[in-house]
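**Student:** Each chain is listed here by its residues.
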Amino acid sequence: MAGMKPVALSPSRDIRLDLFRGLALWFIFLDHVPDNIVSWLTVRNYGFSDATEIFVYISGYTAVIAYSRMLARDGWPKAAARIYRRVWQLYVAHILLFVAFTAQIAWVSIAKDTTALIEEMELLGLGQDPYRALMEAALLKFRPANLDVLPLYIVLLAFFPLILPVVVRWPRAVIVASVAFYEAACHFDWNLPGYPESKVWYFNPLAWQVVFHTGAAMAVLGPKLKWLDRWRWQISVLALVYLAFAGFIALSWHYNALERLVPQWLARQLYPIDKTNVDILRFLHFLAVAWFVRLAVPPGAPFLKWRILEPLRRCGEHSLQIFCLGTFLALSAQIVDAQFEGSILSQVIVSFAGIVIMSAAAYGASWYKGEADQTVSL
Amino acid sequence: MSARSLALAALLSLVLPPSGAALADQLQCRATRALLDLGNPLQMAREAVADRKELRIVAMGSSSTQGYGATNPQYAYPAQLKMRLDAALPGVAVHVFNKGVGGQDAEEEEQRMRQDVKPENAQIVVWQVGTNSAIRRTPLDKFAEKLRAGIDIGRSLGPEFVLMNLQYVPAVVALPDEEDYARVMAEVAREKNVGLFHRFEIMRAWYNDGMPYAQFVTNDGLHLNDFGQKCIGKLLAQAILEAVRPAQLTGEPKPRN
Numbered sequence: 001m002a003g004m005k006p007v008a009l010s011p012s013r014d015i016r017l018d019l020f021r022g023l024a025l026w027f028i029f030l031d032h033v034p035d036n037i038v039s040w041l042t043v044r045n046y047g048f049s050d051a052t053e054i055f056v057y058i059s060g061y062t063a064v065i066a067y068s069r070m071l072a073r074d075g076w077p078k079a080a081a082r083i084y085r086r087v088w089q090l091y092v093a094h095i096l097l098f099v100a101f102t103a104q105i106a107w108v109s110i111a112k113d114t115t116a117l118i119e120e121m122e123l124l125g126l127g128q129d130p131y132r133a134l135m136e137a138a139l140l141k142f143r144p145a146n147l148d149v150l151p152l153y154i155v156l157l158a159f160f161p162l163i164l165p166v167v168v169r170w171p172r173a174v175i176v177a178s179v180a181f182y183e184a185a186c187h188f189d190w191n192l193p194g195y196p197e198s199k200v201w202y203f204n205p206l207a208w209q210v211v212f213h214t215g216a217a218m219a220v221l222g223p224k225l226k227w228l229d230r231w232r233w234q235i236s237v238l239a240l241v242y243l244a245f246a247g248f249i250a251l252s253w254h255y256n257a258l259e260r261l262v263p264q265w266l267a268r269q270l271y272p273i274d275k276t277n278v279d280i281l282r283f284l285h286f287l288a289v290a291w292f293v294r295l296a297v298p299p300g301a302p303f304l305k306w307r308i309l310e311p312l313r314r315c316g317e318h319s320l321q322i323f324c325l326g327t328f329l330a331l332s333a334q335i336v337d338a339q340f341e342g343s344i345l346s347q348v349i350v351s352f353a354g355i356v357i358m359s360a361a362a363y364g365a366s367w368y369k370g371e372a373d374q375t376v377s378l
Numbered sequence: 379m380s381a382r383s384l385a386l387a388a389l390l391s392l393v394l395p396p397s398g399a400a401l402a403d404q405l406q407c408r409a410t411r412a413l414l415d416l417g418n419p420l421q422m423a424r425e426a427v428a429d430r431k432e433l434r435i436v437a438m439g440s441s442s443t444q445g446y447g448a449t450n451p452q453y454a455y456p457a458q459l460k461m462r463l464d465a466a467l468p469g470v471a472v473h474v475f476n477k478g479v480g481g482q483d484a485e486e487e488e489q490r491m492r493q494d495v496k497p498e499n500a501q502i503v504v505w506q507v508g509t510n511s512a513i514r515r516t517p518l519d520k521f522a523e524k525l526r527a528g529i530d531i532g533r534s535l536g537p538e539f540v541l542m543n544l545q546y547v548p549a550v551v552a553l554p555d556e557e558d559y560a561r562v563m564a565e566v567a568r569e570k571n572v573g574l575f576h577r578f579e580i581m582r583a584w585y586n587d588g589m590p591y592a593q594f595v596t597n598d599g600l601h602l603n604d605f606g607q608k609c610i611g612k613l614l615a616q617a618i619l620e621a622v623r624p625a626q627l628t629g630e631p632k633p634r635n
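Here the protein sequences line up with chains W and C, keeping their order. Letter by letter, the first sequence follows residues 1 to 378 of our numbering. Letter by letter, the second sequence follows residues 379 to 635 of our numbering.
In isolation and in its complexed conformation, chain W is listed as follows (with noise of 0.2 Å):
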């Protein structure tokens, strides 16, 4: 059988995905600061899928392809050491983003001179048993505010080693076994523990492999995927159809007269759109944007390269940092916010403020690590 040959992925680096996880990062950013009005550019509002569904799809679809050759060169315990040793980073990162998301607060309120904040920010569990809280963010079950995709990613690349030498042999079976699970886990309601004990993973990780290990098995099958072209149209047709319907329902959200037009039965299908467990329509319009990402974005588009599209690659390039810089600036936009009583000038300012600080930490990181240096990182 020819698909018992690991695939040789192209060794040059895919600009698309630095673009599209970079912006990810800034939509991730803009909507993560409350009653934002600059969040009405995202993803969010025009359809059921946001940039959680971009990051972690990319996030797996980047895994095979920084890891899927040193298991070709290096076997599989060097491959596992080198995933480990990134999940190991990644802890890190976010146990430091734990510790300066907290001390940002605390900071802001003594500086101030005032509890209101720590009271109005107070991370459940912190304040009350701050010795327990402390353990039980260590093992990633307590995650305030805002700090629940990293221990997504977290738990799903720690799983990774014993995907990767399937995936890239067989990765229409991992497809099909994701997808079972995933059903399997909504079905019986499987999820993580969460602290404190009545609570579970807001990103349930045996529901979101699925968006993960849909990404890995699209980086090795890339341009096998060819065979998909022989129904383009009609793909491309159901695909608009169903991103025309998810428009309409999402923007019935802000419009009244628009919900009203939405038929009971109808909503009696839609609803819940469950973030929880990637409910199906997330995922289905998720799928549907990248159809059409695959048709518009070939990998050599000109565009691509476009210096003024460069902060997003960058971030893109950068991804963890910026990720974890984005989480503590959506609180510092979110506490200047309040101080200007959440004015649409003031949003205004500290998004882009955001998103300047963001990129300039992005080019920061690339000059540091340097121009010249291309290898692929996560």
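Derived from the structure by calculation, the hints contain no laboratory data. Yeah, the Cβ is synthetic: ideal placement off N, Cα and C, and Gly gets one too. Check before you lean on any hint, since a few could be wrong.
Unchecked claim - Partner residues are not named here, just some residues of chain W that face chain C (Cβ under 7 Å, in silico):
hint, residue
1, 34
2, 145
3, 268
Chain C: place on chain W using the hints.
**Tutor:** This is chain C only, laid out in the frame that chain W set:
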């Protein structure tokens, strides 16, 4: 038109902001006085506030109580309730114990009523319930039975009850019989002589006044977002204050020593 330009057009249509962003004129957090009437004097709570300068509340319920959908657990209605009561009742030690467990229905909450209510020595149990029972299509008579059983268990331990009914959100409104669950809750509240916080009717009034779902619901169409949670916390605090605020605040001031 080539497939590529079609795809580009589709992408562009995804990023163009809609005309007249609905954010411009957001509606206020509000409810009529009639909707805030709990229909119960909460005598024990009133006495505890007046005599012992203490108010202890157990928030029993599911994801709304736990705060799923809020960006911060402090925005969940129980924490907001405490903040509002603290501000309105200076000198009174207010405690709100959050016993929300996401996904549970009336039956599961009835089963843990004793263990969760007993240790807190509360004067009020706010029982947020109904939504998950309605979504799971629990038969109405069984639902009513579990409500009665839960209230009986809870009251045998001391506190008075305030039932909080379903949230008015797309996933609930789409059900064929969500109003029957709200009706059963009102009937049981009357029969058992406990309070009822009309969350369903309050939120329906928001919607009918033109407030878009996006303002108070997360985009799963089921859970309250920050605004929804904070507003319900504020309105519930108002409703409870109506009942328990010491008479002297509106009438003769009590002499201080």
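**Student:** Which of the numbered hints above does this structure break?
**Tutor:** Hint check: nothing fails, all pass.
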